[in-house]
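J.: Sequences are here, hints too, so could you generate the full structure?
Chains as they are written, first to last, in this note's numbering: chain A, 53 to 394; chain B, 7 to 285; chain C, 57 to 330.
Calculated directly from the structure, the hints in this document are not laboratory data.
Treat the hints with caution; some may be incorrect.
These stretches of chain B come out as covered by chain C in the derived footprint (C-beta under 8 Å, 3 or more residues) [what the hints assert, rightly or not]:
id	stretch
1	35-43
2	96-102
3	171-177
Quick partial rundown of chain B residues pointing at chain A, CB under 10 Å, derived from the structure [what the hints assert, rightly or not]:
id	residue
4	110
5	184
6	277
7	278
8	280
9	281
10	283
11	284
12	285
No residue lacks a Cβ here, since even glycine has one placed at the ideal position from N, Cα and C.
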Amino acid sequence: MIMVPVSRLQSLATRFMENSIETRNVFRIFKSGKTEGPTRVVKALDDISVSIRKGELFGLLGPNGAGKTTLIKILCTLLLPSGGSAYVRGHDVVKEASYVRKIINMVTGGETPGYGILTVAENLWFFSQLYGIRGDVAKSRVKELLETVGLSDEGTTRMNRLSSGMKQRLNVARGFINDPEVLFLDEPTLGLDVLSAKHIRAYIRNWVNTQPEKTVLLTTHYMAEADELCDRVGIIHEGRIVACDKPSNSKAMVRDKSVFQFEIAGSGDHERLKAVRGVVGLSWTHHIESDMSTLKVVLSDQAVASEIESALKASGSRIMSITTPEPTLEDVFIHLVGKGLE
Amino acid sequence: MAVKDIARSFSRSVWLGWKVDANWTDPWLFAIYSVIRPIAGMLIVIFLLLVGSQVGGNTDPEYLTYVFVGNVFFILVAQIMLSMGWVIHEDREHYEVLKYIYISPASFYVYLLGRACSTALMALVSVAISLLFGVAVLRMPIDFLSVNYPALGLSLIIGLVAIASFGMILASVALLTARHGGGMVGEAVSGIFYLFCGVLFPVSVLPAWAQVLSGVLPLTYWMNAIRGSMFGVGPTEIANNLTVLAGFTAFFYLVSMGVLRLADYLARDKGLIDITTEH
Amino acid sequence: MRQVAFSGDLQRNLQTIIARTYVRIVGSAREPSWLLWDTVLPMLTLSAYVYVYKVMNAPREFTGFVIVGGAMIAFWLNILWDMAAQLYWEKETGNLEPFLIAPISRMAMLMGMAIGGIFNTTLRALGIFIVGALVFQVEFLIADPVAAALVFALTFASLYSLGMVFASVFLMYGREAWHTSHLLQEPIYFLSGFYFPVKFLPFWLQVAASVIPVTFGLDAIRKILILGAGLKEVSLHVIVLTIFWLVLLFMARWLLQYMEDHGRREGRLTLRWQ
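T.: See below:
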């Protein structure tokens, strides 16, 4: 018989209670079905262990296909992990899904669930009923949320008449309808204009700041969003979390590295640059409208920059400018993974 | 639009219809499904007749064959109407592709026609299977060697144009209406032809006012032409039915073009091309 | 922001039923083309079968059988397409995720969908009875209203439970389930005796038909409405329907959970366009 000290149990319980979200060695494998050609096996998540405290706005940053949505779906009880365990407010997402559902909500960017034939207010009211919000409270809550997301003038408009941005704002409002303890935001500002996105981000930040019991897990591939909003950022790449810390601490990882940004006319061949000694990682973006390219390199030593410059000139590239920007989370990503986020 | 473009749009739509209707399972299961479905539908009517003859005393075997042939070829009507009543809702609300197809240079009419054609091809296989089943298992007195195949072929071609025209009218209406229930709109509308076009009984059984309606529906003559072809009825009678069928088909074809045009205008005016109506 | 007060599980599920019913009813009211598709036009196919019996010189009560069968088809279709397949529609339109993460019973959600469709369905059934009475001169004799009410209630209860069993399949599968439902539609019409009494089927087919609750419901309703039977004559049907209802209800509960877990495991729960 194994004896566990009460103090240890208490400490575990306390940790659990302080942690809103906890995953231990979670992995998820997908196999393609029988009508989809030869069976493919994809490991969407690999050994994910992360703890998110109460009152934290945690960001999960990674490129498309990194596994962000898969992790959210597991935590939201939509998907079972292939292995490992995950808890939301101490409840196992597999065995205690019904408890988890009472305290969470989710907003997925780019999707706009709802009934086109109902009005904006009716749609929100409908979702409020799924959480058992009573009568007048539901009504006033709908009104408050519509004001918050800037849709108070559209309450009686049918949802199928809204613009995409408005539908997404309605989607965000739906996510707050039950005032969840844990809110999952999967790219919530996708499809929103700059002002609306800014407004929504401010609302999310304020919501967490003013309610220390609330927790938000936000996934995004916009590093500026993660940098601006999040208390801590987990960087996910190919199903694995490669870094998890405050943005400032993560950026400190590359402080001893040199980050250079080259603006180059036209497109060009940058593959050879990866072989240059001292290049930790690089990202290359070609801007079609201006026919300019931006090359960002993370170097182990400042001196390597001149080699990069020479290599670019030798390949016929015309360098328009060279700058040394402040490190960003993308630089952290480049440093860890070797290439950019997009 | 160039003929080449039309042909390409058409063939791609047929391909798409096949993919959407067939790639939900493996080929063997789809083959079984394609065999069972028409046979199950046929058995209801066959048993209805057997029960009717047992309790009513009318045991005319020719009537059984009459109903059998009508019901088998009606598969074409039912399937195409079901498909055309559903394709708009499915493309618009489930796959959310309707707006992209609509704004492409491909003719929307050709696209719908392609989808109807795809269904027709699959339905023809069901018809063939049902005929074989009827002859082999139910011992229907149909001699495949004495079928007037040229007349049958012509009846089928003109008939399919007629059915596709009605399907087009239905799809046009679907563009303007919400999706209710399980997409049984096509099934409901094909009830018109089931009752008034001599599928299960001669139209003379119907009240006088209904017979007038039967007289203006092309599928009434189609049924007559099909039966005539299957049972080697005189060429004059078939020719008469085919002529009237062709005339009414041409009329309803023009009507369908007009309805589609009107629906197209109204849908764009009211912003219905990418609407969601799911409830 | 005002604190949100939450209700207990039962209340929350009742609210879900009401809310989902509201969506269905309001949707139907705002776009009433269903009056044509779901109410008027289906009577035409039914009328075709009535005329077949007339051609066969079948006794008048067979017209009544077809009418009753047609009315029951309305409820059967409500269950199959307005309830069971609804999870498929929700999935295809991207609405399923918010439902599945909400703390509600799946049965409550399905119940709301079914109840919401009942108005349309009842209108269709009533329309069929009216056509039957006025156009085809069918005489409906309800000698025992209590028996009629009891049999109706039990038939619907067992049908709705069966519908929930089907709904569980739609949780996991997409088009496969949809096509299979289409495939089963006609065999069920055939076996359950929607257009003719089951007693005319060969014995082995009658045995097969006896696993479908609507077979008993339809037979009992016909006996009461057309042949003037009372509770005594349909007592066996009442017992069987009660058993069906309870067994299917438990099966539905278990299957909904099982299929949901299966879907979560396979990653197909909210997978669109399967």
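J.: Now, for every hint given, state plainly whether the structure supports it.
T.: Comparing the hints with the structure gives:
For the stretch 35-43 of chain B, the assignment as covered by chain C holds, since 3 residues bring a beta-carbon within under 8 Å of that chain's beta-carbons and 3 suffice. Counting residues of the stretch 96-102 of chain B whose CB lies closer than 8 Å to any CB of chain C gives 3, so the stated coverage by that chain holds, three being the minimum. With 0 residues having a Cβ less than 8 Å from any Cβ of chain C, the stretch 171-177 of chain B misses the three-residue criterion, and the hint is violated. Taken as an interface hint, residue 110 (chain B) does not check out: its beta carbon lies about 20 Å from the nearest beta carbon of chain A, beyond 10 Å.
With its C-beta approaching chain A no nearer than about 6 Å, residue 184 (chain B) sits inside the 10 Å limit, and its interface hint holds. Interface hint status for residue 277 (chain B): upheld, as the beta-carbon distance to the closest one in chain A is roughly 7 Å, under 10 Å. Given the 10 Å rule on beta carbons, the hint for residue 278 (chain B) holds: about 9 Å separates it from the nearest Cβ of chain A. The interface hint given for residue 280 (chain B) holds, since its Cβ lies 8 Å from the closest Cβ of chain A, which is under the 10 Å cut-off.
Residue-level restraint check for residue 281 (chain B) holds (minimum Cβ-Cβ distance to chain A is 5 Å; threshold 10 Å). The interface hint given for residue 283 (chain B) holds, since its Cβ lies 5 Å from the closest Cβ of chain A, which is under the 10 Å cut-off. Interface restraint check for residue 284 (chain B): the shortest CB-CB distance to chain A comes to about 6 Å, inside 10 Å, so the restraint holds. The interface hint given for residue 285 (chain B) is met, as the beta carbon of that residue sits about 5 Å from the closest beta carbon of chain A, less than 10 Å.
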